[in-house]
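Hey, can you work out the whole structure from these sequences and the hints?
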Amino acid sequence: MAVAIRSVRRIRTNTWMLLLASVVWLAVNVRWVAIYRQHGIVDVDEASYLSLALNDHYAAVRDGFGGWVAAVWWPGISAPLVPALTSLQFFVTGTGPTVALAVPLFAGLATVLLTYGLANRLGGRALAWPALLLIATAPGVLLEARAYHFGVPAMAVAMAALYCLVRSERLSSTGFSVAFGVFLGLMPLTRTMTIAFAPGLVLAALLQVTVGPDRRRRLIHCAVALAVAVGVASTWLVSSGPVVFRYLTEFGYGQQSAEYGTAAGVFNPAAWLARLHTVLAEQYLPHTLVLCVGLISASYLALRRARSDGTRSFLELAVTSPAMPVMLVVAEGLAAFVSSRTNGNGYTLLLTPAMVVVAVWGLHRAHPRLRRALPAVAAVVGLIAAVPALDLRAPTGGVWTMDLPGVGRVKVTDGRGTAQIYAGLDPPTEAREPVSAETARQWSAASDWAAQQIVDNNALGGTTAFGVRDRMFNTSTVQLAMLRKKGYGVAMAQIRPVEIGNTLADHQRWLTRFQDSLSGDASTACLLFTATGTVDEFPPPVDPAAMARAAQATGFTARASHPLPNGRVLTLWWRPRPECA
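Each residue of the sequence shown is one higher than the one before, counting from 941 in my numbering.
Certain hints may be false.
Stated by the list, open to error - Ranges between beta-carbon positions, derived for each pair:
no. : residue 1 : residue 2 : range
1   : GLY1034   : GLY1007   : 16 to 24 Å
2   : VAL1001   : LEU1323   : 44 to 52 Å
3   : PRO1209   : GLY1115   : 40 to 48 Å
4   : ALA1319   : GLN978    : 30 to 38 Å
5   : THR1379   : ALA1246   : 54 to 62 Å
Just so you know, the hints here were simulated from the structure itself, not pulled from any lab data.
Where a beta carbon is used, it is the ideal one built from N, C-alpha and C, also for glycine.
Pasting the structure below:
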């Protein structure tokens, strides 16, 4: 009886500690967002995703539930789940960009709790608390939870699928098996690139039902789970599948991936070094060291066990282990990771929680002394990462870098968020504050001016082309301004120099011939925006002189100009088209 009472007390204490940790994590991040993201700038991806959310929201306002469903499931390359959730949230909170961060913030909290739960299933609280400390303070998680990107929600959904798979006890539980299928199906609806990581989960599920008792029942559960996953994913991928496939192949493995580098391939050492740089850039040095050492330790322990037990016995044991799905997801994810050249916001996030769990497992099993030191190691690494992220104005809020032999300069800590990093890219700075309120207002005014020009020039029914790819003035920012101003979007096309070319002839062809481009059809454009200079231009920069000459050569005449806060000057070009009459 006394033992039972002590056990209940420990469970209650642990629950209260977990609740307290959740409240602290959420409070710290909400405070940071309220101070440093209020009325600030948004990056190009945030502008694009916020536009989707506003489009869904205004469709519901105009046409009710049917209009909302039609807008959410409209074919496109951007996953619909996060904008759909945000569009519903807007009915309660209003449509400001800052309040939209509630979705990634709560997704981040869900990931922290799921990581704790998964580690607890593998090794109890001795693994769960170090894993929670590491994932809750992971710089990439904190950075992306404070931005309106898809990375953290996708991470939460993928982690929920993995957790449900492990909790299903090799798909013997009907409820958790169905839940696994639901979350697996939601992964591509949360972020399209998660499709590359789904095979690891599917393979883990199939392997787990091949051995052990009650195989027939578990096979049925597996079939039901996969059918549910296909059903959920098909609600959007049936209509959007071809364009999503093209987008993923072009930007992951095709011509557009050349914008991100050349190193790719599982057997290419340069690809692994490039991906190490990606992890270091997103998770910084202390967390990356723990991940690398832990993953190497886990791999060594697995190989040593296979050697001592024999391959057959080891594989039979591995398939029935709750750790197998986690390790298999990490292995398949890393293979997908290094086989593509592309990057994106929070590209490593999807694997980070699973890698944390495997790393903690590997360190915990490596040596008794390391096992005892693991909580302290996790606490120190977490403290190093968390303190700079508390407040930008604190002495620790700046950038701390160091040089590593063979790797180069890497970040140790950085308290800035995406708005500060994004605003300081060109020219490179280490600004702790986002752009000033006045500068942010000027950028917003530039997009508002462009949106009003589209209205004033009767271009709502035609296409507006952008021969400029400024970080702060582009199709995404102007589309967001259009939705705020009118409640609906318009057709826009933006030049892609890698895909289209960057010469005068390339620009003329883009403005006169259908290109079958993911960027839109500029041949039907009646309005065109160009800009002087190349500061703040996405690489490779558009040749502004060639673009201006191409505009004149294809029937455009200059109508108006507008200065940008970075010193560039916009020019609005117009040509007669029936769509803009």
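Find the hints from earlier in the document that the structure breaks and name them by number, from lowest to highest. Nothing - there is no hint that the structure violates, so all of them hold.
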